[in-house]
Every structure is written in structure tokens, then in C-alpha cells.
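2 protein chains.
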Amino acid sequence: MASSTFSWSITPHTPSYPTPKPRNQPPFSNSIINNQSTSESGPQVRKPKGSPQLNRWSRARALRSGHKLERHSNRTTQAVELRSPDSPTDRAPPEPAFKGRDGDDDVERTVGKSIYMVSDGTGWTVEHSVTAALGQFTHCLVDRVCPVSTHLFSGVDDVERLREIVKQAAKEGAMLVYTLADPFMAESAKQACKLWGIQSNDILGPLTEVVASHLGVSPSGLPRGAFGNNLPLTDEYFRRIEAIEFTIKQDDGALPQNLNKADIVLAGVSRTGKTPLSIYLAQKGYKVANVPIVMGIKLPKNLFEADPEKVFGLTINPIVLQTIRRARAKSLGFCDEMRSTYSEMDFVRRELDFAGKIFAQNPTWPVIEVTGKAIEETAAVILRLYHDRKHKCSMPRISKRY
Amino acid sequence: MASSTFSWSITPHTPSYPTPKPRNQPPFSNSIINNQSTSESGPQVRKPKGSPQLNRWSRARALRSGHKLERHSNRTTQAVELRSPDSPTDRAPPEPAFKGRDGDDDVERTVGKSIYMVSDGTGWTVEHSVTAALGQFTHCLVDRVCPVSTHLFSGVDDVERLREIVKQAAKEGAMLVYTLADPFMAESAKQACKLWGIQSNDILGPLTEVVASHLGVSPSGLPRGAFGNNLPLTDEYFRRIEAIEFTIKQDDGALPQNLNKADIVLAGVSRTGKTPLSIYLAQKGYKVANVPIVMGIKLPKNLFEADPEKVFGLTINPIVLQTIRRARAKSLGFCDEMRSTYSEMDFVRRELDFAGKIFAQNPTWPVIEVTGKAIEETAAVILRLYHDRKHKCSMPRISKRY
Chain C
1 MASSTFSWSI TPHTPSYPTP KPRNQPPFSN SIINNQSTSE SGPQVRKPKG
51 SPQLNRWSRA RALRSGHKLE RHSNRTTQAV ELRSPDSPTD RAPPEPAFKG
101 RDGDDDVERT VGKSIYMVSD GTGWTVEHSV TAALGQFTHC LVDRVCPVST
151 HLFSGVDDVE RLREIVKQAA KEGAMLVYTL ADPFMAESAK QACKLWGIQS
201 NDILGPLTEV VASHLGVSPS GLPRGAFGNN LPLTDEYFRR IEAIEFTIKQ
251 DDGALPQNLN KADIVLAGVS RTGKTPLSIY LAQKGYKVAN VPIVMGIKLP
301 KNLFEADPEK VFGLTINPIV LQTIRRARAK SLGFCDEMRS TYSEMDFVRR
351 ELDFAGKIFA QNPTWPVIEV TGKAIEETAA VILRLYHDRK HKCSMPRISK
401 RY
Chain G
1 MASSTFSWSI TPHTPSYPTP KPRNQPPFSN SIINNQSTSE SGPQVRKPKG
51 SPQLNRWSRA RALRSGHKLE RHSNRTTQAV ELRSPDSPTD RAPPEPAFKG
101 RDGDDDVERT VGKSIYMVSD GTGWTVEHSV TAALGQFTHC LVDRVCPVST
151 HLFSGVDDVE RLREIVKQAA KEGAMLVYTL ADPFMAESAK QACKLWGIQS
201 NDILGPLTEV VASHLGVSPS GLPRGAFGNN LPLTDEYFRR IEAIEFTIKQ
251 DDGALPQNLN KADIVLAGVS RTGKTPLSIY LAQKGYKVAN VPIVMGIKLP
301 KNLFEADPEK VFGLTINPIV LQTIRRARAK SLGFCDEMRS TYSEMDFVRR
351 ELDFAGKIFA QNPTWPVIEV TGKAIEETAA VILRLYHDRK HKCSMPRISK
401 RY
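Sequence lines, in order, name chains C and G.
All letters in the first sequence, in the order written, are residues 1 to 402 by my numbering.
All letters in the second sequence, in the order written, are residues 1 to 402 by my numbering.
Just so you know, the hints here were simulated from the structure itself, not pulled from any lab data.
There could be a bad hint or two in this list.
Since copy identity is lost for identical chains, a pair holds within one copy or between any two.
Stated by the list, open to error - 30 Å max Cα-Cα, derived DSBU-like pairs, lysine-lysine: (1) 171 / 390; (2) 194 / 390; (3) 284 / 392; (4) 190 / 392; (5) 330 / 261; (6) 261 / 284; (7) 357 / 400; (8) 249 / 171; (9) 249 / 301; (10) 171 / 392; (11) 284 / 194; (12) 249 / 330; (13) 301 / 392; (14) 330 / 190; (15) 400 / 330; (16) 261 / 249; (17) 190 / 298; (18) 301 / 390; (19) 301 / 357; (20) 284 / 330; (21) 357 / 190; (22) 330 / 298; (23) 298 / 400; (24) 249 / 190; (25) 284 / 400; (26) 330 / 392; (27) 249 / 284; (28) 298 / 249; (29) 298 / 171.
Because the structure is a prediction, the values reported are computed rather than measured.
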């Protein structure tokens with residue numbers, strides 16, 4: 001539904017929120033989407049409570065209208081009239097084919113259960129947490145016995161839009177998970193969910209409270225991306241970028257003369273996931289080089305001259321490797337002959353044996369079995385070993401300073 | 001402290017946990033670190049409660065001894081004797097220079113407040129959440145007014161190790177944040193923190209409960225990386241790897257003939273963060289190409305032939321760009337002459353103007369101001385626009401099916 005002329009009251013006894021004027025901004029007509037552009041024409045967000053500091057910051061945040069541009073495009077505005085949320089039919093919408101009175105809007109209808117994820121920032125924290133929680137339900141998600149759809153709403157920084165989303169979640173029979181730094185927004189989400197009778201979970205609220213109590217300081221109540229609240233030009237920022245650029249340049253055995261500059265060196269046969277693993281580690285700020293092991297091709301001597309404490313071997317189950325290689329050969333359109341040397345079982349086994357002999361000759365290199373591991377898991381094992389070796393502490397942990 | 005001969009009881013009235021035998025495995029002597037290797041010699045994890053299903057799975061998980069190799073290395077074993085946790089000095093250790101009776105262990109001592117993060121999986125969820133929560137305390141973390149250190153303990157899947165960590169957190173005056181799928185482990189963490197008087201937060205427990213109630217199924221109680229609980233060879237896995245490989249090959253204007261194959265094309269002058277942004281989006285499964293805009297150099301015609309709905313321009317404040325370019329020129333060891341053409345203000349402004357003209361000629365391309373935005377934030381803006389355009393729905397959201 002278009003938010004422009006949308007009017008909705010939180011309870012039938014309180015007055016409706018003021019109806020914002022329709023705006024006719026062109027959708028993406030080369031408008032710079034930034035933190036600085038103004039939104040005087042935007043909806044007047046009414047915040048009945050909140051500290052003066054918060055109100056001041058709310059104003060600053062209202063200036064960040066970047067993501068509003070895409071919300072209020074020149075779509076046809078619709079006057080939406082709704083029953084109050086305590087009307088029983090609206091409160092507990094029948095599933096799965098509930099049709100609201102504004103059923104003409106073009107929201108995608110989903111099969112199965114929906115989870116709405118709402119964030120005032122990028123939304124990656126809430127997405128990450130929901131994905132992790134869904135990992136607990138793999139047994140019913142596989143084969144879509146119980147299909148689940150997630151819907152991410154990021155950059156939600158006004159209470160009206162928040163309530164629209166909650167209302168839509170109620171219509172769709174969804175639950176709501178949110179990360180909202182502003183205590184008023186978090187409370188509004190909680191109240192709106194209660195009112196519409198939908199289940200909800202505040203991901204960061206309880207954690208932020210405990211951290212505040214531990215540090216003995218109050219939280220700012222501002223989303224991470226809030227105006228003036230982020231300092232990307234830190235040393236860490238430059239270090240991450242440098243790591244990514246280094247890792248891209250070193251990919252697939254390029255520039256072996258730079259192996260000594262890498263923090264981590266990965267060695268393994270083709271399709272053991274060296275590239276995605278390298279990139280994942282680079283995102284975390286580590287310079288990674290990866291060296292392919294190919295049967296019959298001599299490895300660069302720099303690999304053996306590099307600090308063996310930073311070299312990690314990758315190995316994989318031959319049957320799984322063959323499956324991956326077959327898929328790869330197909331997607332690359334290999335001819336029959338090439339396909340057989342690359343993905344036939346005999347070759348796969350011999351190449352893995354070849355790699356195994358190299359690993360045996362370099363006993364300092366830990367060899368990691370990647371079969372059945374997601375990239376993140378292999379990365380976690382490598383980083384545990386890396387930090388453990390580096391700090392030689394008896395309680396292996398990865399420490400970071402803020 | 002070495003875990004081998006460590007003995008500690010959860011309350012003074014319950015018997016101590018059995019003392020595991022010291023093991024003398026070589027630290028990384030080319031042992032394959034995998035899900036399959038056995039750990040019969042490992043500690044006997046006592047789980048007083050838990051469903052038969054959980055016990056069965058606990059056994060399966062005990063087979064995943066990968067990360068145990070690095071824990072139980074051939075360091076000198078120490079017999080550690082501890083007072084019971086209800087001894088007041090242990091319960092509320094004085095800060096900052098608390099010295100335990102086993103003060104000879106080599107755990108790094110940290111200044112300021114510590115946050116211990118414990119996970120039975122990779123630990124990225126807990127790390128992500130803590131980083132997000134710390135975003136609420138930027139005002140006191142900047143300039144290290146209130147320094148904070150985080151310590152990540154990943155792959156924690158036995159209760160003994162968990163309790164060791166809690167005890168160490170208590171000694172260091174740290175708080176504990178955890179993601180533990182096994183309800184017994186989560187409960188143990190809670191109880192141990194209560195006993196030692198330290199603050200704690202369970203990140204996923206409450207969310208998992210709400211999701212379980214929403215889906216109407218019980219959670220598995222297994223960490224995501226548990227044996228048999230992950231299926232990395234899904235279509236999504238292959239899609240992500242393909243996206244990363246595509247993006248690396250397309251970096252910095254390479255292979256302009258492939259621009260039509262990209263999901264997203266980024267255009268901007270040097271140092272607007274095209275590469276890290278491309279890689280970040282690729283990790284999320286999008287094929288990204290980036291095209292540098294260099295004053296006086298003609299852009300590839302394929303850029304203008306590609307679907308304009310997928311092209312995004314990046315722009316940045318000239319002063320910030322100059323700062324970044326100066327740092328870059330320095331790190332690359334540019335000579336004076338090159339440095340001036342690259343990072344001097346006049347050139348920077350003219351190049352940004354040049355890019356601005358190209359953007360003006362292509363009004364369909366949204367132009368994103370990256371100044372003051374972290375990579376994740378720019379990515380979030382791009383993905384919102386991308387999905388909004390693609391689905392043309394009136395309630396912009398990024399949907400995903402599980």
C-alpha cells in the first residue's frame with residue numbers, strides 16, 4: 001500500500017496519526033541517496049515520548065532520507081481505510097488466504113509461514129539471527145515440509161512505517177523480529193504486535209540493556225547508521241579494504257611472490273572452496289592467498305618458504321568433490337575429455353592423494369576437512385587455529401578491541 | 001589453563017566433574033580436522049538431563065572433535081585447584097588486576113571491560129549481535145574512554161569447557177553472551193553465570209522459542225554445524241560461490257563484455273569502495289560487476305547497453321575522497337607527481353564532476369552517496385532499491401524462502 005495517504009490509529013480511542021501529504025518525487029531520477037538530503041516534505045513523525053537527546057537525534061535522523069526515496073515513489077496513491085485493530089477479523093486473520101480490504105495492493109503473497117524482520121539499520125543483524133534460529137528447524141525446512149519465508153524491512157526509522165509493517169504482518173499471519181535502537185520505536189513495535197496479536201521478538205533490546213549495565217553507560221538509542229554515528233574511516237576500515245584487495249589479487253595462485261605478505265595461506269585441490277573461503281576471511285580483515293594443488297604441477301617454492309604456521313591445507317571427501325566438479329564442468333561447458341580428467345573418480349582420488357602427500361611432507365600445516373562444512377564453519381576453524389597459534393594462550397579465543 | 005586436569009564443581013554440594021585423563025595429541029601434526037575423526041580419548045561430558053534424541057545427537061556431536069585438537073595440545077598440564085564459586089573473593093573479583101590462584105596461565109589480560117562471546121557454532125551470530133549492540137555505545141567507545149574487549153569462543157560443545165569459560169569470565173570481570181542450541185547447554189550457561197554473579201544474555205534462545213511457537217514445531221537443539229545438520233551443497237551454496245567467482249573476475253572494469261550477465265553493476269571513481277562493496281554483495285549471492293570512472297577515459301559501451309535498472313552510481317564527498325586517496329597513494333608508494341594527479345583537491349573535484357555528468361546523462365541509475373556509510377549500509381541501500389525495482393511491490397522488502 002502507498003504510505004502517503006495511509007491513516008491508521010494505534011487504538012480506536014487515540015486520535016489517528018496525521019495524514020501526510022502525498023508526495024510526487026520521481027522514483028530514482030538520479031536523486032542522490034544520502035545522509036544529507038532533506039525530507040521536509042516527509043511525514044511528520046509523532047513521537048509522544050523520548051528524551052530531549054533522542055528527539056534531537058530523531059531530527060538528525062529525519063535528515064537521512066535516502067531510503068525514503070524508494071519508498072515514496074510516484075506510484076498511484078491510495079486512500080486506505082481500515083477497521084480498528086481490535087476488530088476480531090483483523091486481529092486474528094484466518095490463514096492462509098486472508099484478504100484484507102486493501103487486498104488490491106501488490107504485496108507478494110507467500111505460502112507457508114512468514115517471518116517479518118524489521119531494522120532501523122541495514123537489517124543484517126536481524127537477518128543473521130533469524131537465519132541462525134531457523135538452523136534449529138532444518139528438520140522441517142528441508143523438502144519444504146514447513147516452508148518459511150523471511151521478509152527484510154531495513155532502514156525503518158519512523159513509527160508510521162513500522163506500524164504499517166506490523167499491520168501487514170498481521171494480515172499475512174507473520175511473526176515479527178526486530179532490531180530498533182530507539183527505545184520508543186522498540187516499544188512501539190512491541191505494543192503494535194501485542195495489539196494485533198502477533199508474536200514478536202526484540203533481538204538487541206535485552207542484549208543492549210545487559211551491555212549498558214556492564215559498561216555502566218546508557219545506550220545512545222541511535223541506529224548504527226545514524227547521522228554522525230558511524231566512523232568508517234577507521235584503521236579497521238582501511239585494513240579490511242586492503243585485505244579484500246590483496247585477497248582478490250592473490251586468488252587462485254596468482255603472484256606467489258606475495259605469499260609471505262599474507263596472513264593466511266590456503267592450499268587445496270580445485271573445488272575445495274578456496275576462493276569463497278579466502279574472500280570470507282578477507283571480509284573479516286585477513287589477507288589471504290590461496291594456492292591450487294594440481295596433480296603434476298609443481299607448487300611455487302614460496303609456499304614452502306612462507307611461515308608454515310599460516311598455511312592451511314584443505315581436503316574433502318572424494319565423492320563429494322566429484323559431485324561438485326561435475327556441476328562445475330557442466331556450468332563451464334567442458335568438453336567430454338576435459339570433464340573426465342577433471343571430475344572422474346579415479347582422477348579425483350589420485351589428485352587428493354597427491355595433495356595428501358604434500359600435506360604429509362609439511363606436518364605443521366593443519367589439514368582441514370571441508371566436507372559438509374559451510375564456508376563460515378571452515379573459516380571459524382581456521383581462525384580459531386590461527387589465533388590460538390598466534391597468541392599461544394591456553395584458552396583459545398579470538399579477541400578484539402573496541 | 002590446561003583443561004586436561006581441570007576439576008571444578010558447579011556448587012560446593014555436588015560432586016566434582018570427573019577429571020579427564022591428560023592427552024598427548026600433537027598440536028597440529030597434520031591431523032585432519034573434521035567431523036568424522038573420533039575422540040574416544042576426550043573428556044566424558046556428563047549431561048545429567050536432556051531428551052534421548054538430544055543425548056543421541058550429543059554423541060554424534062562428540063564425534064566432531066575438530067576444534068578439540070587445538071584445545072588439548074601438548075602444553076604442560078597443570079593441576080588447578082579452585083575455591084568454590086560461592087567464596088566471596090572469587091565471586092566478585094576485584095578489577096582490574098585480579099590475580100587468580102592459577103595466575104600463571106597465559107591468558108591475555110585485558111584493559112577495560114570484557115565481553116565473552118560463547119557459541120556452539122561459528123560464533124558469527126553472537127559476534128554480529130554484540131557488534132551491533134556496541135554500536136549503541138559509540139559515544140563512549142570512541143577515543144577509548146571506556147575500552148571494551150570482546151573474546152569469541154566458538155565451537156563450544158561440552159559443558160565442562162563452557163563452565164571453564166564462565167569461570168574465566170568471572171575472574172576477568174567479564175559479561176557473557178551466548179548462542180547455544182542445546183537447551184541443556186544454554187541452561188548450564190545461565191546457571192553458571194548466576195552462580196558466579198556475572199551478567200549474561202542468551203541471544204538465540206528467546207527468538208528460537210518464538211519461532212518454534214510460530215511454526216508449531218520443536219527446535220532440534222543442535223548447533224548449525226552439527227553432524228548431519230548442514231547441507232552446504234544446495235543450489236544457494238553453488239549460487240553464492242558462482243557469484244563470488246564472477247565478481248572477482250569482473251573487478252575493476254575487467255571483462256566489460258560480461259556486464260549484461262551481472263545482477264548489479266557499480267560505477268564510480270577510484271576509492272568510492274566499489275571493490276569491497278562488490279565482494280560484500282557477492283557473498284550474499286549477487287553477481288556484481290564494477291566499472292571505474294576515470295576522467296578522460298571512455299567508459300565501455302556495454303555499460304550503457306546493460307539494463308539501466310541494475311546500474312548504480314557511487315559518489316562521495318570530495319574532502320573525504322581526498323583523504324582516502326592520500327592514504328592510498330601513500331600505501332602504494334606513489335611518486336609526488338602521480339600523487340598530485342590522484343589525490344589533489346582540484347583533480348578530485350573535477351573527476352567527481354566528470355562522474356556526475358555521466359550520472360546525469362543516465363537518470364535511471366540511482367546515485368548513492370557513500371560518504372559516512374559503512375560498506376554494509378551502502379549494500380543495504382542498493383539491495384532495497386534492487387528488490388524494490390525487481391518486484392515492483394508497494395511494500396519494499398527483501399524476501400527469501402527457506
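Against the structure, the hints come out as follows:
1. Only between protomers do residue 171 and residue 390 lie at most 30 Å apart by alpha-carbon distance; the minimum there is 23 Å, versus 53 Å within a single protomer.
2. In the homo-oligomer, the alpha carbons of residue 194 and residue 390 never lie at most 30 Å apart, since the shortest distance is 50 Å inside one protomer and 33 Å across protomers.
3. Proximity of residue 284 to residue 392 under the C-alpha cut-off of 30 Å is restricted to the intra-copy arrangement: shortest distance 21 Å within a copy versus 34 Å between copies.
4. For the homomeric pair residue 190 and residue 392, the shortest alpha-carbon distance between copies (29 Å) is at most 30 Å, but the shortest distance inside one copy (46 Å) is not.
5. In the homo-oligomer, the alpha carbons of residue 330 and residue 261 lie at most 30 Å apart only across protomers (18 Å), although the nearest pairing inside one protomer, at 36 Å, exceeds that limit.
6. Both within a single protomer and between protomers do residue 261 and residue 284 lie at most 30 Å apart by alpha-carbon distance, with minima of 17 Å and 28 Å respectively.
7. Taking the shortest alpha-carbon separations for residue 357 and residue 400, neither the intra-copy value of 37 Å nor the inter-copy value of 43 Å comes in at or below 30 Å.
8. Within a single copy, residue 249 and residue 171 get their C-alpha atoms no closer than 50 Å, and across copies no closer than 44 Å, so neither meets the 30 Å cut-off.
9. For the homomeric pair residue 249 and residue 301, the shortest alpha-carbon distances inside one copy (19 Å) and between copies (26 Å) are both at most 30 Å.
10. For the homomeric pair residue 171 and residue 392, the shortest alpha-carbon distance between copies (20 Å) is at most 30 Å, but the shortest distance inside one copy (55 Å) is not.
11. In this assembly of identical chains, the alpha carbons of residue 284 and residue 194 never lie at most 30 Å apart, being 39 Å within a copy and 33 Å across copies at closest.
12. For the homomeric pair residue 249 and residue 330, the shortest alpha-carbon distances inside one copy (27 Å) and between copies (19 Å) are both at most 30 Å.
13. When the C-alpha separation of residue 301 and residue 392 is checked against a cutoff of 30 Å, the pair qualifies only within one copy, where the shortest distance is 28 Å, while the shortest distance between copies is 55 Å.
14. Taking the closest pair of Cα atoms, residue 330 and residue 190 never come within 30 Å of each other, the shortest separation being 50 Å inside a single copy and 51 Å across copies.
15. Only between protomers do residue 400 and residue 330 lie at most 30 Å apart by alpha-carbon distance; the minimum there is 27 Å, versus 43 Å within a single protomer.
16. Both within a single protomer and between protomers do residue 261 and residue 249 lie at most 30 Å apart by alpha-carbon distance, with minima of 12 Å and 22 Å respectively.
17. Taking the shortest Cα distances, residue 190 and residue 298 never come within 30 Å of each other, neither inside one copy (62 Å) nor across copies (54 Å).
18. In the homo-oligomer, the alpha carbons of residue 301 and residue 390 lie at most 30 Å apart inside one protomer (24 Å), although the nearest pairing across protomers, at 49 Å, exceeds that limit.
19. Taking the shortest alpha-carbon separations for residue 301 and residue 357, only the intra-copy value of 16 Å comes in at or below 30 Å, while the best inter-copy value is 50 Å.
20. Taking the closest pair of Cα atoms, residue 284 and residue 330 come within 30 Å of each other only across two copies (23 Å); inside a single copy the shortest separation is 32 Å, beyond that limit.
21. In this assembly of identical chains, residue 357 and residue 190 lie within 30 Å of each other by CA distance neither inside one copy nor across copies; the values are 59 Å within and 47 Å between.
22. Taking CA atoms no more than 30 Å apart as the test, residue 330 paired with residue 298 passes inside one copy only; the shortest distance there is 27 Å, against 36 Å between copies.
23. Taking CA atoms no more than 30 Å apart as the test, residue 298 paired with residue 400 passes in neither setting, with 39 Å inside one copy and 44 Å between copies.
24. Taking the closest pair of Cα atoms, residue 249 and residue 190 never come within 30 Å of each other, the shortest separation being 48 Å inside a single copy and 46 Å across copies.
25. Within a single copy, residue 284 and residue 400 get their C-alpha atoms as close as 12 Å, and across copies as close as 25 Å, so both meet the 30 Å cut-off.
26. Taking CA atoms no more than 30 Å apart as the test, residue 330 paired with residue 392 passes in neither setting, with 45 Å inside one copy and 34 Å between copies.
27. Taking the shortest Cα distances, residue 249 and residue 284 sit within 30 Å of each other both inside one copy (17 Å) and across copies (21 Å).
28. In the homo-oligomer, the alpha carbons of residue 298 and residue 249 lie at most 30 Å apart both inside one protomer (21 Å) and across protomers (25 Å), since each shortest distance falls under that limit.
29. Within a single copy, residue 298 and residue 171 get their C-alpha atoms no closer than 63 Å, and across copies no closer than 51 Å, so neither meets the 30 Å cut-off.
The structure shown violates the earlier hints numbered 2, 7, 8, 11, 14, 17, 21, 23, 24, 26 and 29.
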